[in-house]
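With chain A fixed as given, assemble chain B onto it according to the hints.
Chains A and B, in that order, give the protein sequences. Reading the first sequence from the start, the letters are residues 1 to 178 in my numbering. Reading the second sequence from the start, the letters are residues 1001 to 1381 in my numbering.
What the hints contain is simulated information worked out from the structure, not anything from laboratory work. Take these hints with a grain of salt, some might be off.
Over the 12 angstroms line for every Cβ pair with chain A, so calculated as not near, a few chain B residues [as the list claims (entries may be wrong)]: (1) D1035; (2) A1053; (3) A1284; (4) G1315; (5) R1327.
Here are some chain B residues pointing at chain A (derived, C-beta under 7 angstroms) [stated by the list, open to error]: (6) E1137; (7) R1142; (8) P1258; (9) Q1261; (10) R1265; (11) A1298; (12) L1302; (13) S1304; (14) L1306.
Nothing here was measured: the structure is a model prediction, and the numbers come from that model. Backbone N, C-alpha and C define an ideal beta-carbon position, used for all residues, glycine too.
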Amino acid sequence: MTVALLALVVVLAVAVVVLAVPALRPAGLRQRRSSPPAAVGSGRILFPFGAPGPTSRALDVALRLARNESGTLVPVFLARVALDLPLDAPLPRQSRIAIPLQEAVEQRAASFEVPVDARIERGRSYRHALRQMIDHESYDRLVVAAWAKGGGGFDPEDIAWLLRNAPGEIIVLRPSGN
Amino acid sequence: MPRGRHKIFLGMAAGVGKTYRMLQEGQAEAEAGHDVVLGYLEPHDRPATLVQADGLEVLPRRGITYRGNRIEEMDLQGILNRAPELCLIDELAHTNAPGLEHEKRWQDVEQVLDAGIHVYSTVNIQHLESLNDQVTELTGTRVRETIPDALVAEADEVVLIDITPQSLIERLRAGKIYKVDAIQPALDNFFKVENLSALREVALRQVAQDVEAKRIPSGDGGAFGPSVGARPRDERLLDTAAPQAVSERLLALITPHPRAQRIVRRTWRSAQRLGAELDILWVATRDPTAEQQEQLDALRRLASVLGAHLLIERGDDIVAVVQRVVRERGTTYLLIGTPSSRGPIERLLRPSLDHRLLRALPGVDLRIVADRTLIRKEESE
Chain A
1 MTVALLALVV
11 VLAVAVVVLA
21 VPALRPAGLR
31 QRRSSPPAAV
41 GSGRILFPFG
51 APGPTSRALD
61 VALRLARNES
71 GTLVPVFLAR
81 VALDLPLDAP
91 LPRQSRIAIP
101 LQEAVEQRAA
111 SFEVPVDARI
121 ERGRSYRHAL
131 RQMIDHESYD
141 RLVVAAWAKG
151 GGGFDPEDIA
161 WLLRNAPGEI
171 IVLRPSGN
Chain B
1001 MPRGRHKIFL
1011 GMAAGVGKTY
1021 RMLQEGQAEA
1031 EAGHDVVLGY
1041 LEPHDRPATL
1051 VQADGLEVLP
1061 RRGITYRGNR
1071 IEEMDLQGIL
1081 NRAPELCLID
1091 ELAHTNAPGL
1101 EHEKRWQDVE
1111 QVLDAGIHVY
1121 STVNIQHLES
1131 LNDQVTELTG
1141 TRVRETIPDA
1151 LVAEADEVVL
1161 IDITPQSLIE
1171 RLRAGKIYKV
1181 DAIQPALDNF
1191 FKVENLSALR
1201 EVALRQVAQD
1211 VEAKRIPSGD
1221 GGAFGPSVGA
1231 RPRDERLLDT
1241 AAPQAVSERL
1251 LALITPHPRA
1261 QRIVRRTWRS
1271 AQRLGAELDI
1281 LWVATRDPTA
1291 EQQEQLDALR
1301 RLASVLGAHL
1311 LIERGDDIVA
1321 VVQRVVRERG
1331 TTYLLIGTPS
1341 SRGPIERLLR
1351 PSLDHRLLRA
1361 LPGVDLRIVA
1371 DRTLIRKEES
1381 E
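With the rest of the complex left out, here is chain A:
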């Protein structure tokens, strides 16, 4: 009787420990708790954009691509630094544009369940900032939107430069027919 009671106590104690310590918990039970922090996907998809921000169409294309490949979207805000400022000067005005844009991209990405690893790159021009981006970032694909009236995007010369100079696959999104 005593042995049986002791065994019961031991079994109960083990059960409590297993349920309490996440690492020992069975996988099915582990999923019920809060998920671990957002993981970074395997492939990295670079998505540069400037001050007007990306169109939702371009962003959705980049996000769908990232989701299909279980990748991470790397939205890169390109900040242009005026010639009379040091290249590393703080940019409060552009920050006020960049930060809400990055937040909006992240919010949209959350609805696609795509992890995001945001960046800000600076340069004297978009081309310069793109060059910095390529130098700093490792990536698998680069998604750029071509210029469209009222919709931001990169002009043909910048895109041609990217095609010549950026390693890896580059996907150029045409402006919408509308």
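Here is chain B on its own, set in the frame of chain A:
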């Protein structure tokens, strides 16, 4: 010989009334029986300003011929020879003509102060070296003549001459600042409400920070009080034990992970609303991995764009390091990411980081930045 006291009249732009106020205070000191002279006055043909100078002794200027032009500059030697109790010197950021003792007028002022003469001077906020880039970005106008920030930081008093941008523009339109032919170009370029509002904000913040940095026991209150010139400069240091009087300072506690960008962005938004400085801290318990280094590089670039300070501190005890940084930086707000979930036994054995921080940092607000991806996952479950 004790160094003279320096009082700076600071404004957001030309025409706010810095010189006018300096002259008023100079007149008051003269009426109180002190020996006051005008070392250099730049009245810009403003009649109201000239009236304020009435009755004050004006020291002769020093004539310099440069590239065939006759230029009149402040006579430093004349001031030193005259040795008044108080000297009023306009336009602190002025660049002297070649051939004078110093390149800049603020250097002349330093020599006058070193001679034990009290100085009242004037300067606009955009001339401060560290604010020059910020002001250029805000207004699109770069100012070439700058003064070191230390000059303002070490001044005994800084008086902000503040008026609303609308009042300043009215003053400009009424011809009280520039001559008629210069009014419209000024309105078209620099004197815009948005420019002036931004400059005003910068000036107000600068003086608030200055007040905080100089948290010293109240002294004589006037230029000629009992402690005039008697207090060594080193005594006017921060009193770290004193309460934070004026400005907020935010600290984002991060780890080098993509999530950190969101915490930094949130903290920056709060810092903007509060007009506060922003620090970003990673407590490194070991050397960063290649991935962490990549994230740190990205965070460094983000911090530089935002004008924030990225701090990397080594230490095994995160709470102890945060406590030290908070004390050193005068942090008033701490923002952290969502703590990872822990089992009941872990919770029993060791309180969570947020609880430990709350306990270790009395008087510091703690905010936990929500992780949107977790909300989404909870919703989908």
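To see whether the hints hold, each was checked on the structure:
1. D1035: Correct as stated: the minimum Cβ-Cβ distance to chain A is 44 angstroms, above 12 angstroms.
2. A1053: With a cut-off of 12 angstroms, A1053(B) remains clear of chain A, as the shortest Cβ separation is near 36 angstroms.
3. A1284: holds (18 angstroms)
4. G1315: G1315(B) is indeed farther than 12 angstroms from all Cβ atoms of chain A, at 22 angstroms.
5. R1327: Holds, because the least Cβ-Cβ distance between R1327(B) and chain A comes to about 25 angstroms, which exceeds 12 angstroms.
6. E1137: Holds, about 6 angstroms.
7. R1142: With Cβ-Cβ at 5 angstroms, under 7 angstroms, it holds.
8. P1258: Constraint on P1258(B) satisfied, holds at 4 angstroms.
9. Q1261: This interface hint holds because 5 angstroms falls under the 7 angstroms limit.
10. R1265: Given a least distance of 5 angstroms, the restraint on R1265(B) holds.
11. A1298: holds (6 angstroms)
12. L1302: Since the shortest Cβ distance to chain A is 5 angstroms, the answer is holds.
13. S1304: Holds, about 5 angstroms.
14. L1306: holds (5 angstroms)
Checked against the numbered hints listed earlier, the structure breaks none of them; every hint is satisfied.
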